[in-house]
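Peer 1: What follows is each chain in one-letter form.
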Amino acid sequence: MGMTLISAGRRPARAAGRAGASYRRRDKYIRFALPALLVVAAVIVFPWLYTLFMSVQEWQVGSDRVFVGLDNYANLLRDTRFHAAVGRTLAYTVLAVALPVLLGTIAAVFFHRDFPWRGFFRGIFVLPMMATPVAIALVWTMMFHPQLGVLNYLLSLVGLPPSLWVYAPNTVIPALVLVETWQWTPLVMLIVLGGLAAMPTEPLESAVVDGAGPWRVFRDITLPLTLPFIMVAVVLRAIDALKAFDTIFAITQGGPGTASETINIYLYLQAFSFFRIGHASAVVVVFFLLIVALAVGLLLVRQRTKWA
Amino acid sequence: MVGTRDRRHSRRHLLKAGVGATAFGLGGGLARATPAAARRAQADFDWRRYEGESINVLLALSPRSELLVEYQPEFEELTGITVTADVVPEQQQRQKQIIEFTSGNPSFDVTAVSWHVQKGLFGRGGFLLDLREFLDDPEMTAADYDLADFSPAAMAFATQADGRMDTLPYNIDYWILYWNTELFEQAGVEFPETLEETLAAAEALHDPTNGVYGFVARGLKNANVPVWTSFMQGWEAMPIDDQGQLQTTTEAAVAAATIYQELLASYAPPGVSGFNWNECQTTFGQGTAAMWFDGIGFATPLEDPEQSRVVGMVGYGLQPAGPDARHSGTFGDGLGISAGSDKHGLAYFYSQWATNKQNQARVLAAGAGAPARTSAYTDPEALARLTVPQGWVDTLIASGEIGLPSLPQIVPVTEFRDIFGIALTNMITGADPAQELTRATEEFQPILDQSLAS
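Protein chains in written order, with the working numbering: chain A, 1 to 308; chain B, 1001 to 1454.
Don't take every hint at face value.
Unchecked claim - One-sided and incomplete, this derived list gives chain B residues near chain A with beta-carbon spacing under 7 Å:
#, residue
1, Pro-1073
2, His-1206
3, Thr-1209
4, Pro-1269
5, Gly-1271
6, Thr-1288
7, Glu-1415
8, Thr-1438
To be verified - Over 12 Å on every C-beta distance to chain A, these chain B residues come out as not near it, computed from the model:
#, residue
9, Gly-1080
10, Gln-1186
11, Asp-1304
Since the hints were made in silico from the structure, they are not lab data. Just so we're clear, the structure is a prediction, and the values are computed from it rather than from any experiment. For glycine and all other residues, C-beta sits at the position ideal for the given N, C-alpha and C.
I would like the entire structure built from these sequences, with the hints used as guidance.
Peer 2: Okay, structure coming up:
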């Protein structure tokens, strides 16, 4: 009995001691993690909470701030210019993802093969990715000039009529996508090339032994096995294209008219040209939800394409 | 005479002005031209009151700001004040100003203010110091500063509706018609004095098969609005009247918009709806446009052989007249002092120096803009040092006599430019001017009402 009592009394004490030590250890860890947590709270959480707070205020710089509830969101629902910007953003995103992914995958398959000077040509191919977007935009602006730009000259060499590129409402989005494609195809190529390098060689060899041709091997083996990597490229490109701002702003500022006004350009105008901070904050919240929804959707698709 | 071919300043011309060319190479230049009385007055004034202190200045990137930075050591030597000047592109400068003014603790003591964009907003926000007290104080303002030397238009720009003077005038920008004298001569066409004649000249000179377009001006939204509002002045009309009522669907507004549409849709290069001033400058500078309507500050690049193919062929003409009046669309900049700064005195000394006669003459001599002081235009040394044709100065002076603000001085002026700019761009691609102006007016009216109510 006494033993029982003693042992019964000791066990909880030991357990309590272990728990105490664990708490102390955790306490130490928390002390190490705390500065990082504070930084995260300061630079991520606080701005977000403040943006949410501002999105329910009506505040134009130079005026008093007034609480308006969900009015800013209701205004967005009625704002046809915002709706058009959303549609334009989605169209731009689809094109600015599809083209680089298609061309990047083709380039990766090409550069995966062995040929002389392969490393050198790979290096040349990835150069656009390393350039500063605004510098690229300025160069492309000159190239797009309808009368003096080199692109129309190149078209004339092959007998094609000149285009107005970014200077006409109906061609501005494809022309901007061209810049995006030129710059970001190398990134897709690098990601897919990594996938090709990691791909097991046995299925390919078996297929060749079984008599499959190059197209069949690509369609039924190479492509399915590289699909997870392509999906990574799609997710990264989609998020990047949705947020595209610098090149569009530097080349067209959303014009002609509003023909290239994406959500980010619209947001910029509201916040930094019209100084409608409450309205702009509501746009930020909606835009954030849109990006999260798209990213989650794409990640779910990516899960399905993972190797078993 | 405006609208004439320009004479370029030769060495003989320079010597005629009574100033040896060698004098300019010795530095100091314009300081020597300061009258003795003014120099004495300057000597009596205690410029070194704030010796050893420092101020921060925020300027927008322009040839005028570059001049201020270039001559800054002269101010530092005169006052013993250390100046840190930030010169950033205009768009970023405007954002920085707003964000820092709103924070209540701006990092700059003096800043350049673009009147046609910021006057209303800064006036309402009370961001800038009222300078009248300093201007009236002989202990703070040097005797030779001469406020009366500023043009009436500049003083009107620098003064708020309630009488506060919260900027010192620095630069006035008049809109003019640049014309390619060689193309006009070849076609036997005279310089157009009216908008109707401008249309006729554009039609006569338009020859796209040979790479020549009759006319070019801004088509890009927002940037294009001053073209239309300046045309409206020909009907003695403004987009917003003195009572704050929109006048953007009137007969004059529609007529001006129709001329804008005709000129840009029929006689401008394809793609003009995406053109800002830089594309227009390139087009005109390459000799592919017969006329270009824009601000007066482009003589320097147009007369620079490294940037232009029309050197010596550029005529500088007054803004064409409308049926009722002839004006010149006018814009401008001043220097203001942060109300939130604790260095008002030093900041005022800097602003006073930056806008003195000597610095204004330097602006003219460099072709960096149109000085707000009238004395700059008769300063013999500045005229002798001109790097741009005399015709440019003649047009500048003539524009000053008919200058009229082209944009309404309202707080939401950027929204005004955005909404009506989209309407104008749509007109270039075929939309009906009356319908577009009606739609834009309906869209802008609530924004104006809200602004006036707050």
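Peer 1: For this structure, which hints from the list above don't hold up?
Peer 2: 1, 2, 3, 8
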